[in-house]
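A.B. asks: Respectively, the protein sequence lines represent chains U and X. Numbering-wise, numbering that gives the first Met the number 0 puts 46 at position 47 of the first sequence, and it's gapless, one number per residue. Numbering-wise, numbering that gives the first Met the number 0 puts 266 at position 267 of the second sequence, and it's gapless, one number per residue.
Because the hints were derived from the structure by calculation, they are not lab data. Errors might be hidden in some of the hints.
With a Cα cut of at most 16 Å, we get these calculated EDC-like pairs of lysine to aspartate or glutamate [as the list claims (entries may be wrong)]:
id : chain 1 : residue 1 : chain 2 : residue 2
1  : X       : 114       : U       : 6
2  : X       : 119       : U       : 254
3  : X       : 114       : X       : 207
According to the in silico footprint, chain U covers these stretches of chain X (three or more CB under 8 Å from chain U) [as the list claims (entries may be wrong)]:
id : region
4  : 66 to 75
5  : 219 to 228
Here the structure is a predicted model, which is why all the values come from computation and not from measurement. Glycine residues also receive a C-beta, built at the ideal position from the N, C-alpha and C atoms.
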Amino acid sequence: MTAWLRERMVLLLGLGVLAYTFVPIAVVVLMSFNEPAARNVYSFDGFTLHNWANICEDAAMCEALGLSLRIGFLATLVATVLGTLAGFALVRHDFAGRSSANLLIFLPMAAPEIVLGSSLLTLFVAAGASGLLGFWTILIAHIMFCLSFVVVTVRSRLAGLDDTLEQAAADLYATPAQTFWRVTFPLVLPGILGAALLSFSLSFDDFIITNLNSGNETTFPMYVWGAYRVGVPMQVNVIGTIMLLFSLAVVVTGELVSRRRRRALV
Amino acid sequence: MTQAAQAVPETATLAAEPSGSRRRRGRTGYLLMLPATLWLLLFFVVPFYSLVATSLFDASGSDFRGYEMTYAWGNYVDVVEAYWQPFLRSLWYAALATGICLVLGYVLAYAIAFKAGRWKWLLLVLVIAPFFTSFLVRTLSWQLILSDEGFVVDALQFLRVLGPDDRLLATPVAVVAGLAYNFLPFMVLPLFASLDKIDPRLVEASSDLYAHPFVGFWKVTWPLSLPGVVSGTLLTFIPAAGDYINAEFLGSTNQRVIGNVIQGQFIDANNSPVAAALSVLLMVLIVAMVLVYVRRAGTEELL
Numbered sequence: 000m001t002a003w004l005r006e007r008m009v010l011l012l013g014l015g016v017l018a019y020t021f022v023p024i025a026v027v028v029l030m031s032f033n034e035p036a037a038r039n040v041y042s043f044d045g046f047t048l049h050n051w052a053n054i055c056e057d058a059a060m061c062e063a064l065g066l067s068l069r070i071g072f073l074a075t076l077v078a079t080v081l082g083t084l085a086g087f088a089l090v091r092h093d094f095a096g097r098s099s100a101n102l103l104i105f106l107p108m109a110a111p112e113i114v115l116g117s118s119l120l121t122l123f124v125a126a127g128a129s130g131l132l133g134f135w136t137i138l139i140a141h142i143m144f145c146l147s148f149v150v151v152t153v154r155s156r157l158a159g160l161d162d163t164l165e166q167a168a169a170d171l172y173a174t175p176a177q178t179f180w181r182v183t184f185p186l187v188l189p190g191i192l193g194a195a196l197l198s199f200s201l202s203f204d205d206f207i208i209t210n211l212n213s214g215n216e217t218t219f220p221m222y223v224w225g226a227y228r229v230g231v232p233m234q235v236n237v238i239g240t241i242m243l244l245f246s247l248a249v250v251v252t253g254e255l256v257s258r259r260r261r262r263a264l265v
Numbered sequence: 000m001t002q003a004a005q006a007v008p009e010t011a012t013l014a015a016e017p018s019g020s021r022r023r024r025g026r027t028g029y030l031l032m033l034p035a036t037l038w039l040l041l042f043f044v045v046p047f048y049s050l051v052a053t054s055l056f057d058a059s060g061s062d063f064r065g066y067e068m069t070y071a072w073g074n075y076v077d078v079v080e081a082y083w084q085p086f087l088r089s090l091w092y093a094a095l096a097t098g099i100c101l102v103l104g105y106v107l108a109y110a111i112a113f114k115a116g117r118w119k120w121l122l123l124v125l126v127i128a129p130f131f132t133s134f135l136v137r138t139l140s141w142q143l144i145l146s147d148e149g150f151v152v153d154a155l156q157f158l159r160v161l162g163p164d165d166r167l168l169a170t171p172v173a174v175v176a177g178l179a180y181n182f183l184p185f186m187v188l189p190l191f192a193s194l195d196k197i198d199p200r201l202v203e204a205s206s207d208l209y210a211h212p213f214v215g216f217w218k219v220t221w222p223l224s225l226p227g228v229v230s231g232t233l234l235t236f237i238p239a240a241g242d243y244i245n246a247e248f249l250g251s252t253n254q255r256v257i258g259n260v261i262q263g264q265f266i267d268a269n270n271s272p273v274a275a276a277l278s279v280l281l282m283v284l285i286v287a288m289v290l291v292y293v294r295r296a297g298t299e300e301l302l
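Let the hints inform the model, and build the full structure from the sequences given.
C.D. replies: Encoded structure:
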C-alpha cells in the first residue's frame, strides 16, 4: 500500500492541483443552474433550467456578448493572417533585422496589460481620436495583443516541421506553389488553427486593455465588471460554461482528427 | 492539437531563435514580415513613446483643456510620493502569487511530463481548459467560494484556523489566492515544456549511481528545468503585477493595487499625466526586476 502510494504520490499531487483549478469552474457550471433568491445575493438557492432557456433575459448582457463575439472574430482573422505571414518570414526567410523583429514580437507579451492599454489610450488621445474611442479602437488593440501569440505559435509549429516531405515533393517535380499548398500548408494548419483559437479566447477575455480604449462601448467582460456590484445575472455563468464546452470540443476534436491522420500516414 | 498550449511554452525560449531549416534570401521575407511589423510599430512602439511623452506633460492641465509639454519630471516624484504603497503592494502580491504558482505548477508539470504516460495530452488540455472560461467569471466564482458563508471559511473556522469573525474575502490572502489561481497555466506550460525535454535516462543514471531520489532531483532534474522556471515565473509575475481584477473582486480598498490607480486616474480622474507616469514607472520597475532576475538565474545555472 505504501509502496503503491509512494510510486504514485507525484501523480496524485499533480491531479490534486488540477482538481483545485477546476473548483471555480465547477462553481461556474453549478451557478448556471442557479435560481437566485435575490439579485444581489450570490449564492446557490435552487436548481433551475431558466438561465439556459433565457440566456438573453438581460438584453444588455447579450448586446455586450455580441460585441465581444464580433470583435473576437475580426481580431482573430486579422491577427491570424498577419501573424502567420510573420511566422513564415521568421522561420523560412532570411532578412536584415531578423533579431529585432523577434524582439518586437516578444515585447508585447512581456508588457503588463495595463501598460499596453494606457499607451494606446495616450496615442489615441494625442492623435485627436479620443472622440472616436469605440469599436475600431478596441479592434486595433485586440489585433495588437493577439498578434504576438499567433506568431510564436505558428513559428514553433514551422520550426518543428520535418522538411523531408517538402524535399520529396520537390524531387517529384512539384512546383514551389504546389509544394506549399499541398504539403507545407496542411502540415502547418493545425498550428494556425490553434493560434486562432488562442487569439479568440485572448480577445474575448480581455478586460484591462479594452476598458481603457472602449469609449462608450461595452464588451462582455466589461459588462460583468459593471454588473458585479449590483449582482451579475446567472446567465453570465451560462456563457462561461458554453465557452468552456466549445473550446474543449474544438481542442479534443482537433486532437482526435490529427491522431487519425497520423495513424493513416503510418 | 495542443497548439494553443504550445504558444506559451514557446515564449519560454524568450526571444531566442527557433532553429529553422534552410532560409531563403530575397524580398519575400520582408514582404511577409511587413504587415505585422507595421501594426506593432504603430500600435505598440509609437504608443509607448506617447505614453512617456504624456507622463511629462504639465499635470495642472486637464483632458478637456489640453496639456502643455513642460518636461515635468516632477510628475514622477509626485506619483512615487502619492502611490508608493499600491506600487509595493502590487509587486509583493505578484511575487507571492508567483511563488505559490511555482510550487503548485511544478508538481503539476512534473506529474504530466513524467507520470501521465498516454494521458499526457488530455492533462495538458485540462490545464488550459479553465483558461477558456472568462477570466472575470472565474474570479467571481472565487468570490463565491471564499465568501463569508462559503464552505472554505466554514471549514477553516471549524478547524479553528480562522476565528469565528475572521474572513477570507477582502483580505490579501484572497487576492493572492486569486492571482495564483488565474495565472497558474502561465507557469505550468513553460515548466512542462522544459521538463518534457529532459531525458529520463539522466535521472536513471543518477539513481544507478546510488543518488537518493531527492538528490537526483536536485542535481539533475531541477537544474535542467531552470529555463522553464525562469520563463514561467516571468510569465506569471508580469501579468500579475499589472492585474487589478483580482484586487477589485476579492480584496477591499485596503488591497488597492497599482492597476486600480492607473485606470482610475485615466478614466475617472481624467488625469492622464499622472496615470502615464505611473504606467511608465511600472514598466521600468518590471524591466529592471526582470533583468536582475534573469541575470541571477543565469549565474545560478553556471554554478
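A.B. asks: Quick one, are residue 114/X and residue 207/X close enough, alpha carbons at most 16 Å?
C.D. replies: violated, 20 Å
A.B. asks: For the pair supplied as a hint, residue 119/X and residue 254/U, confirm whether the alpha-carbon distance does not exceed 16 Å.
C.D. replies: holds, 12 Å
A.B. asks: If you look at each residue in the region 219 to 228 of chain X, do at least three have a Cβ nearer than 8 Å to any Cβ of chain U?
C.D. replies: The restraint on the region 219 to 228 of chain X is violated, since only 0 of its residues have a Cβ under 8 Å from chain U and three are required.
A.B. asks: Taking 8 Å as the Cβ threshold, is the statement that the region 66 to 75 of chain X is covered by chain U upheld or broken by the three-residue rule?
C.D. replies: violated (count 0)
A.B. asks: Would the pair residue 114/X and residue 6/U pass a check requiring their Cα atoms to be no farther apart than 16 Å?
C.D. replies: Measuring from Cα to Cα gives roughly 10 Å; hence the hint holds.
Violated hints, in rising order: 3, 4 and 5; the structure is consistent with all others.
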